[in-house]
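Asks: Chain residues, written in single-letter form:
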Amino acid sequence: MHLFSQKKGYQTIVDKVTALVPEYEAMSDSNLQGQTDVLRQRLATGEKLQSILPDAYAVAVAAASRVLGMKPFENQILGAVAMEYDNVVEMKTGEGKTLTAIMPMYLHGLSGSGNFLVTANEYLANRDAKEMGKFYTWLGLTVMAGVAEEGHDDRERDQEAIYNADIVYTTNSSLGFDYLFDNLAATPEEQFLQGFNFALIDEADAVLLDMAETPLVISGVPRVQSNLYKTSNQLVKMLRADIDYEQSDDTKNVWFTDIGISNMEEFLSVDGLLSDQWKDVYRHLLLSLRANVLMKRNRDYVVDNGEVILLDKANGRQLEGMKMQAGMHQSVEAKENVKISEEQRTMASVTYQNLFRMFHQLAGMTGTAMTDRDEFRETYNLDVYKVPTNKPLIRKDLSDKVFISTRAKLMATLDLVKEAYQIKRPVLIETGSVTLSNLYSRLLLREGIPHNILNARSAAKEARIVAEAGRKGAITVSTSMAGRGTDIRLEDGVTELGGLLVIGTERMENARIDNQLRGRSGRQGDPGQSIFYVSLEDSVVTENAPKWVGRYLTKHQEATKQNITGKFRFKHVIDQAQNAVVNQQRNARFQTLQYGEIFRIQRDNIYDTRNYIMNATQLDQEIDAVVKHVAKKFTDDLGEADYSALVEFIYQRIDQAYLAPEDIESLPFSEYTGYLKALIYDRIKAQRQMFNADDQWVYFERLIMLKAIDVSWIEQVDSLQGLKSVTQNRSLAQRDPVYEYQNEAKASFNEMKEKMYFTMIHYLLQSTFTTKLTGEMDVDFP
Amino acid sequence: MLKNDLAKKILITFFMMLVLAVGQQIYLPLVDASFASSSVNKSTLLSVLGMTTGGRMTVPAIMSLGLSPYMTSMIIWQAIVTMDIKKITNMSLKNQGQIQNILTLIMAVVQAYTMILTYHSFIQPLYLTQSGIDISAPVIMLVLVAGGMFSTWLAMKNTQVGIGGSAIMIVPGIAVGLPQLLENGWTTGDVLTMTPINLMIAIFVTLLFVLAAVAVFHAELRIKLERPMLDSEFNHSYLPIKLLTGGAMPFMFSTVLFNLPMTIVSSTSLRFTTIGKNLLIWTQQDNWRGILVYGVIVMILGYGFGYMNLKPIQTIKQLKESGDYIFGCVPGEETRRCVMRHFWLLTSIGNVALMLMAVVPLIIGIYFEGYANYSLYLGSVFILVTIFDTISQQFRALYAKNAYSVLLK
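Protein sequences, first through last, are from chains A and B.
Under numbering that gives the first Met the number 0, the first residue of the first sequence is numbered 0, with each subsequent residue one higher.
Under numbering that gives the first Met the number 0, the first residue of the second sequence is numbered 0, with each subsequent residue one higher.
By construction, these hints were calculated from the structure, which means they are not laboratory data.
Cβ coordinates follow ideal geometry from the N, Cα and C atoms, glycine included.
Just so you know, nobody snuck in bad clues.
With a straight-line Cα cutoff of 20 Å, these simulated EDC-like cross-link-like pairs (lysine to aspartate or glutamate) come out:
{"id": "1", "chain 1": "B", "residue 1": "K86", "chain 2": "A", "residue 2": "D248"}
{"id": "2", "chain 1": "A", "residue 1": "K251", "chain 2": "B", "residue 2": "E320"}
{"id": "3", "chain 1": "B", "residue 1": "K85", "chain 2": "A", "residue 2": "E542"}
{"id": "4", "chain 1": "B", "residue 1": "K316", "chain 2": "A", "residue 2": "E245"}
{"id": "5", "chain 1": "B", "residue 1": "K223", "chain 2": "A", "residue 2": "E743"}
{"id": "6", "chain 1": "B", "residue 1": "K316", "chain 2": "B", "residue 2": "E333"}
{"id": "7", "chain 1": "B", "residue 1": "K85", "chain 2": "A", "residue 2": "D574"}
Computed Cβ-Cβ distance ranges for the label pairs, DEER-style:
{"id": "8", "chain 1": "B", "residue 1": "Y112", "chain 2": "A", "residue 2": "S261", "range": "57 to 63 Å"}
{"id": "9", "chain 1": "A", "residue 1": "R488", "chain 2": "B", "residue 2": "V160", "range": "49 to 55 Å"}
{"id": "10", "chain 1": "A", "residue 1": "Q49", "chain 2": "B", "residue 2": "V18", "range": "37 to 43 Å"}
{"id": "11", "chain 1": "A", "residue 1": "G565", "chain 2": "B", "residue 2": "V160", "range": "46 to 52 Å"}
Start from the sequences, fold in the hints, and give me the full structure.
Replies: Structure follows, in structure tokens:
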């Protein structure tokens, strides 16, 4: 528990560190490098990380100035200390987070592998691994970038080397996917992760909060394909808005009206579209409706090369490889008239919430964290610690200018840009989406103002452009992602012009993201200004503001006086709309957490079992237990003597060459279990004889068990995803939906287990083999 | 490790219940306890209201209000939520919590004031030195409200670290008050003396009733839902409507409403008017007219609380927006009609069950002395049944949560 003496406590440690630095600075190169071993020794004798921290940090400070030419400031050391004590450290942009991070990373690197510094994109991970890598290697630690180099494929990475390294610079998605693939491995050789020790997360608010709800999903295993997408799309395109279908006020939902339904019924010559008989058709129509009305091209997705690719709404980046589930993606493909891709099932899934909760220790850094401290605490047990800036902040954050229409607003911002351009003052303009950034670019071109645009296509290029955004006369247009990652240094002479001017052309869904943008200006005591221009047509307003705002907009859209800044009524509209969104998102994340907890328990169980099987040298006992169970369960389920069912079961699952003896009809029910067991054991013997070596047999047993688990788990993952929504309705009968989910998930898991045991036996007894010339055997599953 | 978890939670809850019980034994300052408890027992209103909502208002103790402010404010909040006002639904959980706290405070003040009025003849004056101002009432008000808020805090804490949520805290109060309720429930009626025969009948009826109550409470209609946006072979989707749509809440408030006119009339000058006297007749449970009125009140509460629990406006909206639908019903208005039809039917049947519990004993009570008390008694037993049901749900979930294994042993 952190009391108000928290700052004092950290300061004491910082003082200890600074007192030790001269001692290490005076050492020779080899002596200083040798300190790593000294510290490692101390750990080996049982000292805790926190007690060797002062020395470790002092070594780091000394080495950093020697190797990198940069000596950490005292406030950076303060941030580094806070990071060790379960904090998300709030350090403004430009305060040198990258340099601060090397201290806790060094400290944890001393304890071995499993330490990660997680950044937002591959470019940063590679860049920092290279630049800071010099520091770590000089001190004798191994460092790797967890992501592929730019232009290289992910699969070319040496995963073994990466995860054996003491320190890994990686991205959250890279780490997450590696975790999932690790757990789909069939042999220990295909597994690389060495455990999750410590993670220091850069842009912690984006990774831990904004991205928390989106799970990482690996899909495979195609589903049965449907051919109703195209026809549904054609029908839906003929419907009329507000007559055949309606949208919700926040435009996030859409549904058919009864007129629409009867029209569709007429068109399809179908009676009762909402009945059991036509539910599949209705489903496709509904999907099509949502695809056509709710999903907008160039905002939610782009069509590139005949493919539909999803966009990250916040920053306009293309989300390669991500597809919508449950047929939604295919409906959009039908809408855009591209080839309909295969529907796939989820094979493995994890949320960032759960991924990072697996670490023994976490820390974070970002420019904006205070607003969400409650959530950090509840979800990740992290406090927020604000590090004071090295030099005082003198940036002026001006109050918003409010306009009625987008057009008027954008024109007004243009005036501001022109003003700044005249005196060569650099400007950074943030737009809400890729489309808007392109639009703005065209406006600037019309005015004859040369500028750069950031379009989230290449992170490396982006970093270069952003770094130049502080030069005289630089006008940079970007989406909201420009808020993160690279520092904007001002060219000489710009301070006299008033520093960097940051213009936001709309407020984002979260005040935190807005603040990130503001933070691009005014670093390290530089002067600067930030201002937001908003309009009543901005999406955050149209989706979340009270109805009267919408009415005002419709009434006054064409009014001559468009600037309504200062009108009392509108003063808080934007803030309140943002708050509404923030609260919804928070509540959603909390729910995700609760449901994710149950999923996690099941998943951990499955993965632990997999690992056990993979590393076991003998699996006979386990198989034995399964055999006994299956025989008994079949008999119990049968309930009474039914020799034809018995024979069929044997034929299908145990032995296709089985010939029922004449007297099978007279076999008493009480002997069914024993009879089955005997047959199964016989069959196992027969299979065993196909193998020459013992270890090959064990390998086979292992293989079938893993495959049975994987196949069953995939279905369970699918079911669990659906189960969440299924149980939410049950809150109406005064039943807690989370408890319901828990109970149903458990029941579903048990069902899965039963299926899995039968599948195991099936694979075990009915797989066929082909021996290759090399003596290897190929297994053909039934 | 799991067992420890559960054991710890049980201990914590036990401790909290103890604190509440002790607090309800510590008498208020400035009130002459012996005088007070003897005559105030006469008020059915206070005793039943207090008991069914976790308080003990028949005794002037510091935590007499118990959970009553909390429970009442929860119900008011539920009613507000049912109206589906956008401003409310957009509020953060934290803000919603704050508003609930303020509501609880207001209720505490109101109930404390009621208690003071009831006890006012037994309050000793406390004068501010030399000024002659009697501050005894404000002081008592302060203590009572503090006691009420503290009990609320205990209940909320229990939800976090104990077991049984907040409802478990009212269980001891009810359980302890049950015998008294059976003997003396309708303080304006006959006493049911506990002869051996009556005792045996009581036990027999209670057991039978509990079994029936559990069955009836679990009974629910499951309207099959179709979920087009979900792509899985899973179809356990249903919209549940309980047979007793209002749960046990009609019982918590039926006696209050019934006794309210009587309390007002007998303590004001209205008792001398013809209207007042007529009102008294119609709200006494020992005659046909009173029984009729009571039955009507229970029915109305049954429909009212049921509606509140069903939240039809939100439910239908949710279904419509997520694309889910009931076979044969167009999403939107028609679905609302579909659902409401089920609701009316179910609640009406449920009301019959409520009538059995509430009104039949009263009818019997006209012929057999004291049996009218069964009406109140069974109502409280039913409340206990519903609370235990929720708690056992929690138990099961906690127990099952971590107990997973894949391989057979």
